[in-house]
Amino acid sequence: MALCSLASCASCLCGSAPCLLCGCCPSSNNSTITRLVYSLFLLLGTMVSVIMILPGMETHLRKIPGFCQGGASIPIPGLENQVDCDVIVGYKSVYRMCFSMTCFFFLFCAIMIRVRSSKDPRAALQNGFWFFKFLILIGITVGAFFIPDGTFNTVWFYFGAAGSFIFILIQLILLIDFAHSWNKIWVDNAEDGNNKGWYAALLFFTVLNYALAITAVVLFYVYYTQPHDCTEHKVFISLNLIFCIIISVVSILPKVQEAQPHSGLLQASIISLYTMYVTWSAMTNNPNRQCNPSLLSLMSNSSSTVAPGDSPDDSSEHVQWWDAQGIVGLIIFIFCTLYASIRSSSNKQVNRLMQTEETEAGEGVVGKDGVLRAVDNEEDGVTYSYSFFHFHLSLAALYIMMTLTNWFQPDTSTQAMKDSMPAVWVKISCSWLGLGLYLWTLVAPVVLPDRDFS
1351 MALCSLASCA SCLCGSAPCL LCGCCPSSNN STITRLVYSL FLLLGTMVSV IMILPGMETH
1411 LRKIPGFCQG GASIPIPGLE NQVDCDVIVG YKSVYRMCFS MTCFFFLFCA IMIRVRSSKD
1471 PRAALQNGFW FFKFLILIGI TVGAFFIPDG TFNTVWFYFG AAGSFIFILI QLILLIDFAH
1531 SWNKIWVDNA EDGNNKGWYA ALLFFTVLNY ALAITAVVLF YVYYTQPHDC TEHKVFISLN
1591 LIFCIIISVV SILPKVQEAQ PHSGLLQASI ISLYTMYVTW SAMTNNPNRQ CNPSLLSLMS
1651 NSSSTVAPGD SPDDSSEHVQ WWDAQGIVGL IIFIFCTLYA SIRSSSNKQV NRLMQTEETE
1711 AGEGVVGKDG VLRAVDNEED GVTYSYSFFH FHLSLAALYI MMTLTNWFQP DTSTQAMKDS
1771 MPAVWVKISC SWLGLGLYLW TLVAPVVLPD RDFS
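For the sequence shown, the working numbering assigns the number 1351 to the initial residue and increments by one for each residue that follows.
None of these hints come from the bench; they were simulated from the model. Certain hints may be false.
What the hints assert, rightly or not - In silico DSS-like cross-links for lysine-lysine, where the CA-CA straight-line distance does not exceed 25 Å:
{"#": "1", "residue 1": "K1534", "residue 2": "K1546"}
{"#": "2", "residue 1": "K1605", "residue 2": "K1534"}
{"#": "3", "residue 1": "K1483", "residue 2": "K1469"}
Said to hold, decoys possible - Taking CB as the label site, the calculated pair distances span:
{"#": "4", "residue 1": "N1539", "residue 2": "T1565", "range": "27 to 33 Å"}
{"#": "5", "residue 1": "L1783", "residue 2": "I1595", "range": "14 to 20 Å"}
{"#": "6", "residue 1": "L1603", "residue 2": "E1729", "range": "40 to 46 Å"}
All figures in this text were calculated on a predicted structure; none of them were measured in a lab. Just so you know, even glycine gets a beta-carbon here, dropped at the ideal spot from N, CA and C.
Let the hints inform the model, and build the full structure from the sequences given.
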């Protein structure tokens, strides 16, 4: 049945989004399905990048006779060691794959500027022609692998760091929106059904989030600081702990509660836990190995870390995409990407920031064959900014690139990867800016009472 459904969807690759996923999301809106398909494009590129960076992949490719430059040589017409396997695997392949996805989405970002409704001719390009768009993505990807090394890796690293900075902030906005929606739905369920169990569930998850955040702080002080070293880490942990306490206190102040009835400790606990994750992620990029022990060494109580003065060859230069903070980052990324595709927020602040509008799910349209079809809900106006959505996905591609390579910086002299302080400061400053943004969402209705912050 799954294969039949897939074949049915494949027959509509040149058509519109409702046709493409008619059997999968029959009662959904056209806008939602379109966003899901583009997100699947991004997730597919992510899967390819993960495969490319798997350890031992280059070794397996070199076993193919006549395929890799410098590999086993068996005379094969037209394929005599022509492929540089050093480029099509490892961090270089991830850089090029994510470069192609960034270019693809940024191209559509430029094309879709100021599309107002589905009646715009460009809307058909947004919601259809999937087969041709897939070919365009493949073409850009193939071309990206012909980019010579030179300074490309170093320059693209800084593009990735800047784009990931913005994407982390977008992640935080989506988490804030998710927390507000979560709190509102459960409180409404408790009030409508007079069931206090919903309040108990809210209390449980709030306490759980704070417990995890406090546990993280304790572990940070134990494993990521030294009595006479790691001053930066001590400052990062202490400041973010203080900031999390501040936003928690502000979220339950009477004036804030009066202006923002749905604000509370659940949202603050989620933001606090996310802040601790970003803090941990930042500290794992510190080049000082005394302040940045590997997770394996922590679990085995071994001292297989490298002192700052040791040679690069002795350090952990090999990128390991399965690093713990990288896996957590991928999980958060997948959640936020899918949430951005299906969300229909009632929070006007978030809608303005994310360039979306409050919408309700369509009821679907029954076709002549009796099958329920997705409905075009954008004839009178788009429900999200096409251009901003593609910009968001282009930033997501950069974030994936940095996450899979653990934010390591390419070393042009050794052609290896190394930890870097710029990555540390990008992440930690993003956590501060995110906390400030959440704090502003709490106090803005109090400071500016004449504006609508519902």
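Exercise. For this structure, which hints from the list above don't hold up?
Worked result: none
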